[in-house]
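Novice: Chain by chain, the residues:
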Amino acid sequence: MASELDLSRDRLDAPFARRVEELSGENPYACYQCGKCSAGCPFADYMDALPNQVLRLVQLGDASALELSAPWVCASCLACGVRCPKGVDIATTMEALRILALRRGISPAPVTPDRPCPQIALVGAYRKLTP
Amino acid sequence: MKTIAYFPGCAMKDQARPDEAGTLHALALLGYEVTEIPRWNCCGTVYSLAQDDLMRHVGPVRNLVRVQGMGEGRVLTLCAMCYGTLARSARFVAEPERLARINAFLDTEDDFRGGIEVVHLLTLLRDEVGYEKLAAQVKRTLDGLKVGTYYGCVLLRPRLFAVDDPDRPEVMERVVEALGGTPVAFPERTECCGAYLTVGRTDIVGDRVGRILRSARGGGAEVVVTTCPLCQFNLDERRPAGAPTLPVLYLGQLLAWAMGLDEPAVAALVSKEPATGRPVSTGV
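The listed protein sequences derive, respectively, from chains L and P.
Residue numbers for the first sequence follow my numbering, so the first one is 457 and each next one is one higher.
Residue numbers for the second sequence follow my numbering, so the first one is 12 and each next one is one higher.
Calculated directly from the structure, the hints in this document are not laboratory data.
No residue lacks a Cβ here, since even glycine has one placed at the ideal position from N, Cα and C.
Incorrect hints may have been included.
[Stated by the list, open to error] Quick partial rundown of chain P residues pointing at chain L, CB under 7 Å, derived from the structure:
1) A22
2) Q26
3) T56
4) P177
5) P240
[What the hints assert, rightly or not] Listed next, the stretches of chain L that the computed footprint assigns to chain P, with coverage defined by at least 3 CB atoms under 8 Å from CB atoms of chain P:
6) 505–518
7) 534–542
8) 549–555
9) 574–587
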């Protein structure tokens with residue numbers, strides 16, 4: 457029997473998506489998966505999932521997004537955010553994933569500087585890569 | 012003489028000293044009395060994007076409290092990254108509940124009242140000095156030098172804090188023109204160099220830098236200029252084998268040249284060993 461189709465996001469019941477939304481202040485469900493973020497991301501080549509795919513996992517409430525390397529490769533350059541036709545700041549979503557991973561003890565690959573770095577780089581790295 | 016409070020940040024006292032020296036020389040000629048804010052601390056270099064991460068705004072806000080203590084309503088930065096953290100934190104903590112919490116946390120400091128404007132050098136040159144007045148102070152023209160203008164990220168993104176149109180900026184090009192140079196607006200000039208990934212992922216940063224420098228060279232640039240010390244470091248020090256060898260300068264170095272710092276002084280600026288013991292990029 458045909459019944460009404462409920463497309464509300466409430467049906468997903470995705471606490472993970474809600475948590476990411478709280479931390480980032482960005483609504484993951486605004487994304488309609490056009491892929492513009494991934495097309496313009498200077499770091500997409502080095503990611504194990506493209507930025508729009510990461511956002512898709514968040515939409516689905518799939519916490520396996522925390523195991524990806526993509527958020528750690530994202531350098532917060534915000535190119536995705538200024539180009540998003542729906543105004544989603546994807547880089548901020550990536551930051552929320554990094555922070556959730558760090559708070560849950562899922563660490564990124566250890567960082568070992570192999571060449572000298574100025575303090576501006578070191579401070580930036582420890583603020584992004586440590587809790 | 013106009014007065015302006017100045018937040019240097021770490022790099023201006025280390026690898027970016029030529030930038031600071033050249034810029035302060037130029038600002039003096041342009042009629043500014045620049046006062047370094049007292050007891051400043053690190054701005055944090057990267058802005059925290061999380062909604063609940065108030066702790067990471069303490070550094071920038073403490074600096075803004077110092078500006079407030081000077082009786083100034085605005086603060087100048089030369090470094091793109093300092094501009095980003097200070098400007099964005101100033102706005103983030105303006106929300107009353109956050110402001111109350113951060114003031115409670117800062118405890119021994121005066122309460123931050125908000126309302127401090129954060130100004131980047133490029134904005135000051137465009138909106139207050141003006142390109143004509145800048146051009147009038149040129150003592151030694153760049154004489155058509157083809158200058159690739161590299162913005163990087165923080166000056167242009169997010170849109171709310173952009174010093175110019177994030178997609179088609181022109182402020183740095185107009186400054187180069189005012190100094191007598193020929194700006195080269197190459198396609199990669201707004202794309203990220205890799206920033207702090209330079210600590211652990213020199214492979215990625217090397218690829219990015221190669222691409223940026225090839226883009227600049229492809230447009231005919233003889234030098235590349237930037238206002239971000241981390242971009243300058245990456246473009247210069249993470250240059251992959253085979254990448255174009257064109258010099259990567261700070262905007263302050265171009266200003267120093269054009270505003271007539273005598274040649275030994277310019278030479279000293281570009282050859283001084285910084286505290287890290289790493290020689291600064293030479294070029295002009």
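Novice: For this structure, which hints from the list above don't hold up?
Specialist: When the structure is compared with the hints, only number 6 turns out to be violated.
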